[in-house]
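**Student:** Letter 179 of the sequence shown, counting from 1, is numbered 481 in the numbering used here, and no numbers are missing.
If you are wondering where the hints come from, they were derived from the structure by calculation, not from laboratory data.
Treat the hints with care, since some could be wrong.
[What the hints assert, rightly or not] Straight-line distance between alpha carbons at most 30 angstroms, and here's what the computed DSSO-like set of lysine-lysine pairs gives:
| no. | residue 1 | residue 2 |
| --- | --- | --- |
| 1 | K584 | K594 |
| 2 | K584 | K597 |
| 3 | K550 | K528 |
| 4 | K597 | K619 |
| 5 | K590 | K627 |
| 6 | K540 | K552 |
| 7 | K619 | K540 |
| 8 | K502 | K540 |
| 9 | K627 | K535 |
| 10 | K550 | K594 |
| 11 | K550 | K596 |
| 12 | K594 | K552 |
| 13 | K528 | K540 |
| 14 | K627 | K552 |
| 15 | K437 | K342 |
| 16 | K528 | K552 |
| 17 | K552 | K596 |
[To be verified] Per label pair, the in silico range of CB-to-CB distance:
| no. | residue 1 | residue 2 | range |
| --- | --- | --- | --- |
| 18 | T616 | H324 | 16 to 24 angstroms |
| 19 | W380 | S556 | 34 to 42 angstroms |
| 20 | R539 | Y630 | 52 to 60 angstroms |
| 21 | R521 | R631 | 29 to 37 angstroms |
| 22 | A586 | W380 | 30 to 38 angstroms |
| 23 | V355 | R631 | 36 to 44 angstroms |
| 24 | K528 | R433 | 33 to 41 angstroms |
| 25 | Y630 | R433 | 37 to 45 angstroms |
| 26 | Y630 | E426 | 46 to 54 angstroms |
| 27 | S532 | V368 | 40 to 48 angstroms |
| 28 | T616 | R521 | 29 to 37 angstroms |
| 29 | R433 | V510 | 22 to 30 angstroms |
| 30 | T616 | V407 | 16 to 24 angstroms |
Glycine included, C-beta positions come from ideal geometry on N, C-alpha and C.
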Amino acid sequence: MDMDAAVSTLTALSVFASTVEHAAFRSVHGYRVIGRKDGKWVRWERWVERQFVLSLSVPPCREVAVPAASPRILLAGWHGRPVFHEGQAVGTWRCIVAFDSVAAVAPSSPPPPVLSPLVNPQLECLPNLYRDLQKVFQFQKVEKVPQLGRRDAKQQPIRSGEQEKTSDEADSSGSDSDGDPQSDKELAPTVQKQPRANRKHIDSITLVEIAQYFHLPIREASKTLKIGVSILKRKCRKYGIPRWPHRKIKSLESLINDLEYVLDDDSGEDAQQELQKIEEEKQAAVIKALTKRKKMLESEKEIIQQKPALDLMTETKQFREDVFKRRYRARRV
303 MDMDAAVSTL
313 TALSVFASTV
323 EHAAFRSVHG
333 YRVIGRKDGK
343 WVRWERWVER
353 QFVLSLSVPP
363 CREVAVPAAS
373 PRILLAGWHG
383 RPVFHEGQAV
393 GTWRCIVAFD
403 SVAAVAPSSP
413 PPPVLSPLVN
423 PQLECLPNLY
433 RDLQKVFQFQ
443 KVEKVPQLGR
453 RDAKQQPIRS
463 GEQEKTSDEA
473 DSSGSDSDGD
483 PQSDKELAPT
493 VQKQPRANRK
503 HIDSITLVEI
513 AQYFHLPIRE
523 ASKTLKIGVS
533 ILKRKCRKYG
543 IPRWPHRKIK
553 SLESLINDLE
563 YVLDDDSGED
573 AQQELQKIEE
583 EKQAAVIKAL
593 TKRKKMLESE
603 KEIIQQKPAL
613 DLMTETKQFR
623 EDVFKRRYRA
633 RRV
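Please put together the full structure from these sequences, using the hints given.
**Tutor:** Listed below in structure tokens is the structure:
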């Protein structure tokens with residue numbers, strides 16, 4: 303095989319986040335390779351699975367070897383062409399980015415902050431992952447996202463004109479009514495009206511700043527960001543967030559707190575009554591399962607914060623439904 307003459311073209315890229323380990327990610331790369339073999343040009347597909355440690359905090363991003371004993375996303379002896387979709391779960395891994403030019407699978411844009419070099423510059427230290435992400439997302443287009451607010455500003459010249467006209471009319475009416483104290487009182491509420499948010503301030507708000515307030519209701523988040531609720535919703539839609547994720551995050555936090563109560567407060571009456579119903583030889587297995595469930599919920603919460611458009615996993619929905627049923631029975635008793 304003449305390796306110098308081989309040319310690889312990216313055809314598929316899927317990134318998975320671990321639902322158990324913090325900051326653990328895996329990527330599956332599919333390439334179409336054209337090269338010479340025995341003097342003839344041949345074409346084949348090459349698939350590679352890689353594992354990374356990705357974080358927006360101090361620990362540097364790095365590529366690590368895929369553990370030999372760990373279940374792989376690309377199973378040994380698989381046949382055909384694997385196709386993944388965002389939100390799909392493969393074992394303890396959940397797909398957060400899916401691209402496949404052959405199967406016509408397009409990723410949602412923009413990518414999660416941890417996979418965007420504009421937010422996480424450490425990605426440039428991982429050339430294999432960064433190069434393929436660059437081909438899929440074309441990050442220079444993401445830089446223009448904040449400028450979309452300027453187009454909205456150009457579409458609303460009438461509003462600014464109306465504001466200027468209103469202020470001019472208020473000044474003229476105030477000058478005509480000098481010496482009339484009653485008219486001054488009537489104009490006072492108009493003068494104290496809260497001004498509109500500065501357009502430059504709106505354009506400067508990034509996805510990272512918005513993500514810091516996902517845990518708050520959207521009204522509180524808009525007040526903290528000093529913009530209106532409708533403007534915040536419009537910004538979210540531009541960043542690929544169709545719905546404010548506050549409720550999903552709160553739901554996951556509630557489930558995590560319930561598990562912490564059972565795991566940490568073994569001396570409570572409710573915990574004792576629950577454990578008394580379980581055979582003694584199964585208690586250790588139950589505690590282990592609850593601990594694993596808690597780690598999965600915490601990991602899913604982080605994934606939702608990175609990719610708010612993703613829906614909760616089917617297992618999480620079923621677990622939440624079981625918790626609601628137990629609470630309902632407890633209230634009736």
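**Student:** Give a verdict on every hint.
**Tutor:** To see whether the hints hold, each was checked on the structure:
1. K584 / K594: holds (15 angstroms)
2. K584 / K597: holds (20 angstroms)
3. K550 / K528: holds (24 angstroms)
4. K597 / K619: Answer holds: K597 to K619 is near 16 angstroms, not above 30 angstroms.
5. K590 / K627: holds (22 angstroms)
6. K540 / K552: holds (24 angstroms)
7. K619 / K540: holds (28 angstroms)
8. K502 / K540: Distance ~17 angstroms between K502 and K540 Cα, so the pair holds.
9. K627 / K535: Distance of about 33 angstroms is beyond 30 angstroms: violated.
10. K550 / K594: holds (20 angstroms)
11. K550 / K596: Given that 30 angstroms is the threshold and the Cα spacing comes to 16 angstroms, the pair holds.
12. K594 / K552: holds (20 angstroms)
13. K528 / K540: holds (18 angstroms)
14. K627 / K552: holds (18 angstroms)
15. K437 / K342: holds (29 angstroms)
16. K528 / K552: With Cα atoms ~23 angstroms apart, K528 and K552 stay inside 30 angstroms; holds.
17. K552 / K596: holds (14 angstroms)
18. T616 / H324: 16 to 24 angstroms: With a Cβ separation near 22 angstroms, T616 and H324 satisfy 16 to 24 angstroms, so the hint holds.
19. W380 / S556: 34 to 42 angstroms: holds (39 angstroms)
20. R539 / Y630: 52 to 60 angstroms: violated (36 angstroms)
21. R521 / R631: 29 to 37 angstroms: Hint holds: Cβ distance 34 angstroms, inside 29 to 37 angstroms.
22. A586 / W380: 30 to 38 angstroms: holds (36 angstroms)
23. V355 / R631: 36 to 44 angstroms: Holds, since V355 and R631 (Cβ atoms, about 43 angstroms apart) stay within the stated range.
24. K528 / R433: 33 to 41 angstroms: holds (39 angstroms)
25. Y630 / R433: 37 to 45 angstroms: Violated - the Cβ-Cβ distance for Y630 and R433, about 52 angstroms, lies outside 37 to 45 angstroms.
26. Y630 / E426: 46 to 54 angstroms: The hint (46 to 54 angstroms, Cβ to Cβ) holds, given that Y630 and E426 are roughly 52 angstroms apart.
27. S532 / V368: 40 to 48 angstroms: holds (46 angstroms)
28. T616 / R521: 29 to 37 angstroms: holds (31 angstroms)
29. R433 / V510: 22 to 30 angstroms: holds (23 angstroms)
30. T616 / V407: 16 to 24 angstroms: Because 20 angstroms falls inside the window, the suggested range holds.
In summary, the structure is inconsistent with hints 9, 20 and 25 from the numbered list given earlier, while agreeing with the others.
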